[in-house]
Each structure stands twice: as C-alpha cells, then as structure tokens.
Amino acid sequence: MLRQSGRKWIGLLPSALALATSSPALADGAAYPAALPAEPMPAVAHLPAAWPKSWVLIHDFNFNSIVDGRVVVVDTASANQPLKGIVRAAQFGNALLSVKRGEILTAETFYSRLTRGTRTDAITFWNLTDLKPTGEVVLPGGKRQQSVTYPQLFQFTNDEKWALVANFTPAQSVSVVDLDGRAVLGEIDLPGCSQIYPTGTRGFSSFCADGSLFSVALDATGKVARSGTIRRVQDIDQQALFSTPAWVGRTAWFVGQRGVLQGFDFSGDLAKMIPGAFTVGTAAGAIPEWRPSGWQVINADAAGHLYVLMNPAGKEGSHKDGGTEVWVFDTAKKVRTARIALKAQSIAVAVTREDIPHLVLARADGVIDVYDAVSGAFVRSLGATVAYNPVTITPVP
Amino acid sequence: MAGMDTFAERLTRTIARGTSRRSLLAKLGLGMTGAAAFPVLPVARAATHPEGPAHQTVTSGTIQDPGDRTTCDYWRYCAIDGFLCTCCGGAVNQCPPGTEMSPITWIGTCTNPADNRAYIISYNDCCGTSSCGQCLCNRNEGDRPQVRTQSNNDYNWCLGTGSSVYNCSTAVIVGVALDHPR
Chain R
230 MLRQSGRKWI GLLPSALALA TSSPALADGA AYPAALPAEP MPAVAHLPAA
280 WPKSWVLIHD FNFNSIVDGR VVVVDTASAN QPLKGIVRAA QFGNALLSVK
330 RGEILTAETF YSRLTRGTRT DAITFWNLTD LKPTGEVVLP GGKRQQSVTY
380 PQLFQFTNDE KWALVANFTP AQSVSVVDLD GRAVLGEIDL PGCSQIYPTG
430 TRGFSSFCAD GSLFSVALDA TGKVARSGTI RRVQDIDQQA LFSTPAWVGR
480 TAWFVGQRGV LQGFDFSGDL AKMIPGAFTV GTAAGAIPEW RPSGWQVINA
530 DAAGHLYVLM NPAGKEGSHK DGGTEVWVFD TAKKVRTARI ALKAQSIAVA
580 VTREDIPHLV LARADGVIDV YDAVSGAFVR SLGATVAYNP VTITPVP
Chain D
19 MAGMDTFAER LTRTIARGTS RRSLLAKLGL GMTGAAAFPV LPVARAATHP
69 EGPAHQTVTS GTIQDPGDRT TCDYWRYCAI DGFLCTCCGG AVNQCPPGTE
119 MSPITWIGTC TNPADNRAYI ISYNDCCGTS SCGQCLCNRN EGDRPQVRTQ
169 SNNDYNWCLG TGSSVYNCST AVIVGVALDH PR
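Chains R and D supply the protein sequences, listed in that same order. Counting with my numbering, you get residues 230 to 626 for the letters of the first sequence. Counting with my numbering, you get residues 19 to 200 for the letters of the second sequence.
It should be emphasised that the hints constitute simulated quantities derived from the structure, not laboratory data. Remember, it's a predicted structure, so these values are computed and weren't measured experimentally. Where hints are given, some of them may not hold.
[What the hints assert, rightly or not] Derived CB-CB ranges, DEER-like:
| id | chain 1 | residue 1 | chain 2 | residue 2 | range |
| --- | --- | --- | --- | --- | --- |
| 1 | D | 86 | R | 364 | 44 to 54 Å |
| 2 | R | 507 | D | 160 | 19 to 29 Å |
| 3 | R | 454 | D | 160 | 35 to 45 Å |
Even for Gly, the Cβ is constructed at its ideal location relative to N, Cα and C.
I would like the entire structure built from these sequences, with the hints used as guidance.
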C-alpha cells in the first residue's frame with residue numbers, strides 16, 4: 230500500500246491504473262514521449278482584483294432550498310465556463326457589489342440548527358479576489374426583511390461607507406450600518422413604507438402605501454436630520470410602479486404595471502419627481518396588450534437608455550410572467566428606439582458596461598442569454614449553467 | 019375589491035386576535051392581511067418541475083369539495099402562492115409533520131364550483147423545515163408591489179413562528195363569505 234494510507238483516494242489508484250492500462254482505447258505512448266506533469270495541490274482558483282466588465286453578479290434565489298440562497302459571479306463573455314464563483318446569500322439573502330470597497334456584501338439570516346434554533350441576522354463582507362469572508366456585522370433583533378430578492382432591501386449610502394437594511398416583522402424600519410466601523414448606528418421607523426432608494430449624501434427614500442414617496446436625510450451619526458414627503462407619486466391600483474428601477478446616475482426610472490415611465494431624482498437630500506412621465510406605448514401582435522412583465526423588468530445602459538421587458542399577453546396578474554421582447558427608450562426624446570425579440574420568455578434584464586454593451590437576460594427556465602445591446606442581435610447562450618433561479622442581475626460597474 | 023379587502027382584513031384581525039401572538043399583533047397594529055405564502059416566480063415554476071411524471075391525483079373524496087389538490091386549478095387555491103402542502107407530507111388544511119403553522123396569513127375568497135358558495139380560505143404557511151420543492155402554485159392576480167404590504171406575495175410570511183424557514187402553504191376553509199355569490 231502507498232505511504233499515505235490515510236488518504237483513501239490514493240488507495241484507489243492501483244485499480245485505476247490497472248483499468249487504464251488494459252483499455253484498448255489508449256493511444257500509443259510512443260507518440261507522447263513526455264508524460265503529463267504532476268500538478269500542484271491544493272489549488273484554488275482566484276479572481277482578478279479588477280473584474281472584467283463582461284462579468285455580472287446573478288442572484289440565485291434557489292427556491293428549492295431558500296436557506297442556501299447564493300449569488301454567482303458570471304462571465305457573460307464565456308460560453309463554456311461562465312460560472313466564476315459562488316457567494317452565499319442565505320435565507321432570502323441580499324447582496325451588494327462594491328468595486329470601490331473591493332467587496333461583495335451579503336445581508337443574511339441564519340438559524341443555529343439550519344432551520345431551527347437561535348436566529349442571527351448579519352452582514353458578511355466577501356473579498357472579490359478569493360470570495361472569502363473577511364468580517365461581519367451582526368444585526369440585532371431578528372427583524373431583517375425576508376422576501377424574494379429585491380435589491381432595495383439592502384443598499385449603500387454615505388459613499389458606500391454605510392449600508393441600509395430593510396426590516397419587516399411586519400413592522401417596517403431601516404437599520405443604518407457603519408460598514409467600516411462594523412457597527413449598527415441606529416434604526417429609522419418606516420411605518421407604511423417599504424424598500425430603500427439611496428438619496429442624497431446620506432439618506433434614503435421609500436414608497437408608501439398611500440401612494441406617496443417619503444425621504445429621509447441622515448446626519449453624520451445616522452440619525453434623522455430631515456425628512457419630506459411627496460404625495461400621490463403613484464396609483465397603486467391602476468399603475469403600480471415595479472419596485473426595482475433602472476438607475477442612471479442618481480436618477481431612477483420606474484415603469485408602471487401598465488407601462489408608464491416615471492423618473493425620480495434622488496441626488497438631493499429629498500427625492501424629486503421628474504416632470505414629464507411618458508409611456509412605453511403599444512404595438513401590434515399582443516393579446517390583449519403589451520405590458521411590462523418580469524422580476525427585474527427595467528434597466529439602463531451607461532448612456533441612459535432604458536430597456537424594458539414586455540409581455541404581449543398583458544393583463545391583471547401578468548406582471549411577473551416575464552417578457553418576450555425588450556423595448557428600448559430614449560428618455561430625453563421620450564420615444565421607443567428599438568424592439569428586441571428574445572429567444573425565450575425572460576424575467577430579468579441588465580446591461581453590461583462593456584465598450585460594446587450587452588444585454589443579459591435571465592430566462593424563466595434558468596437559462597442566461599446574451600444579446601448585443603445596440604443591434605439587438607443574439608450573441609450567445611450560457612445555458613442553465615450558473616443558477617437554479619436567477620432573479621436579479623448586477624453588472625460590474 | 020375594496021369591500022373585499024376590508025372584509026378580509028376584518029376577518030384576519032379576528033383570526034389574529036385568536037392566536038397566541040395576539041399581543042405582538044396588537045402592538046404592531048396592522049391588519050395582517052398578507053401574502054400568505056410567498057414568493058413565487060415563473061422562473062421557479064420551471065425549475066421546480068423538471069421533466070418527469072406529475073403528482074398523482076389527490077381528491078377530498080367528497081363531491082361537494084371537487085378537484086385535484088395537487089394542482090394549481092383546485093378551487094381553494096385561487097389566491098395561493100407557494101408549494102402545496104398536499105404534495106409535501108401535509109394536506110390542504112394541515113402542515114407537514116415537523117413544521118409549525120404560521121399564525122399570520124393571507125385570506126382569499128374562493129368559489130366552490132360544487133355548491134357555488136364563496137368560502138374564506140386561509141393560506142397559512144408551514145415553517146421550520148426547508149423548502150418543500152413540490153407542487154409550486156403561483157397566481158398574481160391582485161398582487162401589488164411591496165409598498166402595499168397586504169397585497170404582495172413576495173414577502174416571506176413565516177412570521178410569528180419559531181423559525182422563518184418556509185416549507186409549504188395550506189388552504190384552509192375558515193368560513194363562508196357568501197352563500198350565493200354572483
């Protein structure tokens with residue numbers, strides 16, 4: 230027996246070698262005078278410190294085991310090895326990518342016995358080069374909001390030095406976390422309002438159940454310095470805005486369930502509604518009508534064009550079914566500039582920041598497809614090879 | 019719909035007051051009408067139903083309660099959203115062994131095609147065991163973004179339970195809304 234008898238796999242080597250030498254399929258060794266070199270181990274792949282702009286983070290909700298949710302690092306330019314690595318995002322987790330910090334951050338929930346026991350909510354910091362955790366901040370109270378993945382449940386503010394975490398017990402609040410200090414600074418009550426849209430230097434806005442938009446500016450200690458409300462920014466019954474917007478700088482463009490496009494300026498201390506809403510319009514070929522549909526239903530490219538997933542069977546209840554086309558809009562001219570037919574119904578759309586931008590589509594069957602964002606031409610499919618339930622896509626900025 | 023929402027809210031408050039979590043619920047002062055179950059996306063529909071044989075039919079055995087309880091078409095599931103407990107070791111009105119039934123639920127009003135009565139259906143989630151993964155059923159009619167908490171099915175409503183880990187959803191008859199709906 231071999232010296233390292235403790236390593237069981239080595240014990241299998243003699244039989245494996247015997248099998249190999251008896252195989253008639255083996256080529257003549259004379260054609261290869263040198264044997265393949267031994268390879269070093271242990272060996273773990275590393276990622277570059279600066280991620281290529283063809284890379285995206287895709288959130289895998291992992292429906293069949295939500296406690297084991299994850300985000301995956303994906304190279305959309307690689308047809309044969311797109312999956313570059315995995316970071317945990319447990320139990321309805323959320324994730325943030327920060328190039329500036331060189332980190333992925335996850336906000337997660339754990340139980341001491343996986344499904345039972347003591348609950349711990351925490352933010353974990355993951356290094357971009359080795360995807361290993363470097364630290365954490367425990368969030369007190371066991372109140373972190375658990376939902377199907379919405380980016381607006383975990384957001385940066387204060388130049389990415391702080392994070393904001395949505396809570397839901399179902400009482401609603403937002404925790405303010407000092408990431409560098411690894412400390413929770415405080416909690417802002419948010420009765421009747423939900424989700425987090427970073428606003429101003431330090432602060433956030435949230436949509437409220439009465440149709441209003443509420444903004445909070447925070448002081449240097451994380452306390453409320455100022456707040457304000459804009460009434461009637463949306464009609465939740467007839468034209469509810471999809472929660473996840475397309476960001477163009479500090480402007481967020483929202484699309485309504487019946488196709489209105491409305492911008493909000495979040496650059497100042499308090500949010501402002503941008504005058505001049507317009508609609509996605511209509512087109513032939515729909516029964517009964519085209520409507521926006523999907524999970525991450527709208528996104529933007531670096532130039533500020535909007536890309537909206539559209540469904541030709543639009544009706545009440547169709548808003549999460551996904552789209553068969555992407556419609557492209559120029560927000561300055563308020564016109565549709567292109568229609569891109571998709572190979573399959575897709576639920577999430579994002580646009581890379583490559584020199585030649587690409588549309589990345591997550592399909593309902595888990596397949597990831599890549600299109601040329603300018604021409605609309607199909608480029609490649611990554612297959613269903615990176616995630617079980619891809620629900621949101623975050624391009625490398 | 020507003021009338022129905024009000025009715026559902028009132029009923030849910032009644033249910034909430036009858037639970038051991040009433041002090042919590044009273045403190046929160048919320049209606050607790052909520053998306054029972056949970057998050058379901060079209061994407062999940064495909065992923066959780068790989069190619070393969072479907073579940074065998076499960077019926078009540080009573081002609082007054084017709085339909086296959088393993089399919090989304092069953093009359094009680096008119097507003098459900100999640101894995102069907104009938105396929106998970108439980109039943110249409112029981113959580114699977116090892117789980118805990120959430121006291122906070124979404125109420126739906128569904129018409130029974132056999133007796134033409136509109137029944138109040140409580141979609142209690144079952145919590146504390148990992149995702150069932152069987153018989154996903156998703157309907158989004160009336161669903162609104164999370165800003166309208168009580169009309170959104172993306173929240174995990176395993177709240178007020180020992181564990182927030184979601185397993186499956188039930189569809190329990192809690193009463194008759196209308197003897198003769200339109």
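Worksheet item: Where does the structure disagree with the numbered hints, that is, which hint numbers, in rising order?
Response: none
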